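A.B. asks: Those protein sequences? They're chains A and B, same order as listed.
Just so you know, this note's numbering puts 183 at position 183 of the first sequence, and the rest follows in order with no gaps.
Just so you know, this note's numbering puts 3 at position 3 of the second sequence, and the rest follows in order with no gaps.
No wet-lab data here; the hints were simulated from the structure.
Because the structure is a prediction, the values reported are computed rather than measured.
Keep in mind that a hint or two might mislead.
Stated by the list, open to error - Calculated pairs, PhoX-like style, for lysine-lysine (alpha carbon to alpha carbon, straight line, at most 25 angstroms):
1) A/136 <-> A/169
2) A/169 <-> A/198
3) B/13 <-> A/47
4) B/32 <-> A/276
5) B/27 <-> A/2
6) A/276 <-> B/61
7) A/2 <-> B/13
8) B/50 <-> B/32
9) A/198 <-> A/131
10) A/47 <-> A/273
11) A/84 <-> A/273
12) A/276 <-> B/13
13) B/50 <-> B/27
14) B/61 <-> A/2
15) A/173 <-> B/27
16) A/47 <-> A/84
17) A/286 <-> B/13
18) A/286 <-> A/2
19) A/273 <-> B/50
20) A/276 <-> A/2
21) B/50 <-> B/68
22) B/61 <-> A/84
23) A/169 <-> A/131
24) B/13 <-> B/27
25) B/13 <-> B/68
26) B/27 <-> A/176
27) A/286 <-> A/276
28) A/176 <-> A/136
29) A/286 <-> A/318
30) A/84 <-> A/276
31) B/61 <-> B/50
32) B/50 <-> A/286
33) A/205 <-> A/47
34) A/84 <-> B/27
35) A/286 <-> A/273
36) A/169 <-> B/32
What the hints assert, rightly or not - Taking beta-carbon pairs under 8 angstroms as the criterion, some of the chain B residues facing chain A (in silico):
37) 10
38) 14
39) 16
40) 21
Every residue gets a Cβ at the ideal spot worked out from N, C-alpha and C, and that includes glycine.
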Amino acid sequence: MKYSDWPLSAPVNITWEITHQCNLRCVHCLSASSNASPDELNFSECKGIVDQLDALKVFEINFGGGEPLLKDHFLPLLRYIHTKGIVTCISTNGTIHNVEAMELFTGNPLVNVQVSLDGATPEVNDRIRGKDTYRKIISGIELLSGRDIPLSINTVVTALNYGQLDALKALAKSYKANLRVSRFRPSGRARQSWDALKLNPAQLKEIAAWLESDLSILTGDSFFSISQDGRRKMGLDMCGACKMTCCIDPIGNVFPCAFLQDLPFCGGNLREKTIKDIWDNSPVFKRFRNLEPSACIACPRFENCRGGCPAVAYFLTKDLNASDPECLVNWSRGVNS
Amino acid sequence: MAFRLADNVRVRKENWGLLFYHQSRHKILFVKSGDWLQPEHFNGSWTLEKLVQDIGQRTGKSADIIEKTLPGLTRRLTANRMLLP
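Modelling step: build the complete structure from the supplied sequences, incorporating the hints.
C.D. replies: Here you go:
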């Protein structure tokens, strides 16, 4: 599917990193969150952005950060968004147990909650998310579970936890939650932990087969470049950056995706431009839509995926025109050689 | 019978047609309908007859062609749970 045949007037969904403040220091954090950034968007500015998204009929906003529940105006902002009928997905680290949030989430058809957990045991999870976090996260999941809240547990698959995927699936099921798995990418703090935590080609091959064996595991488009046919038929088959989605950071910068929050990829700032202007006219966004990595053009899968993950390619090679080193074709070479 | 969006479905106009979104399944559906269909056609007040007439007036297409094409489109939308059966 070529974007030029199906251009969108606005994103389908937005990833919105509402703050850089976080009480955890996960070694793979894509935004290297710790303290709030100076000059984060205030409530009034955020409401103005919501008004723009509503006018453009953006369907869904996925909140992350940082820890969204630490942002002082996050719950009032959610309430404001819900008056517009926009669906929200809140990614939380599960350690902030907030009664007001629970009440807002419960029975709310516009809320989905995703709790991050990076291992089925404290030994594995806490090596990634920090000391004693497994216990706190499970407490958070227990508070959310059993209420009328669509809940998923999200695991970033790394060399540490890939052997626990079945256990994580069972754990999610025990809390009546879906398991969602995300690809480990070398952005934010993950650039430092990449070599230690990245999957090798054989592990990637195993995960591709595991994902294919159970299509109920959620992935979004995270694993599109290693997915096999069954999952690709679900439409999870190409990078959506600048085509279906984009990312707003805590100070209003708009990037192609949450994994590409480096200034060279900034399409503009919402204090200076509208989201519509950035979506339609940003040279960065136009460039992304036309990306056709020369290394991929001869590949038999190119018409399907249009190249792999640009973020992985860029951070590993510093060349957006390079192929994704972990794509199906590339790791097959690695496994076979 | 009038066409109506299923619960939890939203739709917006694009220059190539309509983009449907199912909010509880987080699914989207691209429908290349050009300017034939508008989001308001699915508000429950448009019958097939009214729809054919409206499309004909706006696009200049004959009722024959529209009547042959529309059922396929609406069947696809219903099969994908975007429209109420």
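A.B. asks: The structure should be examined with respect to each hint, and the outcome stated for every one.
C.D. replies: Hint-by-hint comparison with the structure:
1. A/136 <-> A/169: Holds - the C-alpha atoms of residue 169 of chain A and residue 136 of chain A are around 19 angstroms apart, at most 25 angstroms.
2. A/169 <-> A/198: Given that 25 angstroms is the threshold and the Cα spacing comes to 21 angstroms, the pair holds.
3. B/13 <-> A/47: holds, 24 angstroms
4. B/32 <-> A/276: Holds, at about 22 angstroms.
5. B/27 <-> A/2: OK: residue 27 of chain B and residue 2 of chain A at ~19 angstroms, within 25 angstroms.
6. A/276 <-> B/61: Judged against 25 angstroms, a Cα distance of about 33 angstroms means the pair is violated.
7. A/2 <-> B/13: holds, 19 angstroms
8. B/50 <-> B/32: holds, 21 angstroms
9. A/198 <-> A/131: holds, 21 angstroms
10. A/47 <-> A/273: Roughly 15 angstroms between the alpha carbons, so the hint for residue 47 of chain A and residue 273 of chain A holds.
11. A/84 <-> A/273: holds, 22 angstroms
12. A/276 <-> B/13: holds, 15 angstroms
13. B/50 <-> B/27: Violated: residue 50 of chain B and residue 27 of chain B sit about 29 angstroms apart, past 25 angstroms.
14. B/61 <-> A/2: violated, 28 angstroms
15. A/173 <-> B/27: holds, 22 angstroms
16. A/47 <-> A/84: The given pair, whose Cα atoms are some 11 angstroms apart, holds under the 25 angstroms limit.
17. A/286 <-> B/13: holds, 21 angstroms
18. A/286 <-> A/2: Given pair residue 286 of chain A, residue 2 of chain A holds - Cα atoms ~13 angstroms apart, limit 25 angstroms.
19. A/273 <-> B/50: violated, 42 angstroms
20. A/276 <-> A/2: holds, 21 angstroms
21. B/50 <-> B/68: Measuring from Cα to Cα gives roughly 15 angstroms; hence the hint holds.
22. B/61 <-> A/84: Violated - the C-alpha atoms of residue 84 of chain A and residue 61 of chain B are around 36 angstroms apart, more than 25 angstroms.
23. A/169 <-> A/131: Judged against 25 angstroms, a Cα distance of about 23 angstroms means the pair holds.
24. B/13 <-> B/27: Satisfied, since the Cα-Cα distance of roughly 16 angstroms is no more than 25 angstroms.
25. B/13 <-> B/68: holds, 22 angstroms
26. B/27 <-> A/176: Given that 25 angstroms is the threshold and the Cα spacing comes to 21 angstroms, the pair holds.
27. A/286 <-> A/276: Distance ~13 angstroms between residue 286 of chain A and residue 276 of chain A Cα, so the pair holds.
28. A/176 <-> A/136: Holds, at about 18 angstroms.
29. A/286 <-> A/318: It holds: about 19 angstroms lies between the C-alpha atoms, which stays within 25 angstroms.
30. A/84 <-> A/276: Judged against 25 angstroms, a Cα distance of about 18 angstroms means the pair holds.
31. B/61 <-> B/50: At roughly 14 angstroms apart (the allowed maximum being 25 angstroms), residue 50 of chain B and residue 61 of chain B satisfy the hint.
32. B/50 <-> A/286: Violated, at roughly 40 angstroms.
33. A/205 <-> A/47: violated, 44 angstroms
34. A/84 <-> B/27: holds, 19 angstroms
35. A/286 <-> A/273: holds, 16 angstroms
36. A/169 <-> B/32: With Cα atoms ~38 angstroms apart, residue 169 of chain A and residue 32 of chain B exceed 25 angstroms; violated.
37. 10: holds, 6 angstroms
38. 14: holds, 6 angstroms
39. 16: holds, 6 angstroms
40. 21: The hint holds - residue 21 of chain B has a Cβ within 8 angstroms of chain A, the shortest such distance being about 4 angstroms.
The structure shown violates the earlier hints numbered 6, 13, 14, 19, 22, 32, 33 and 36.
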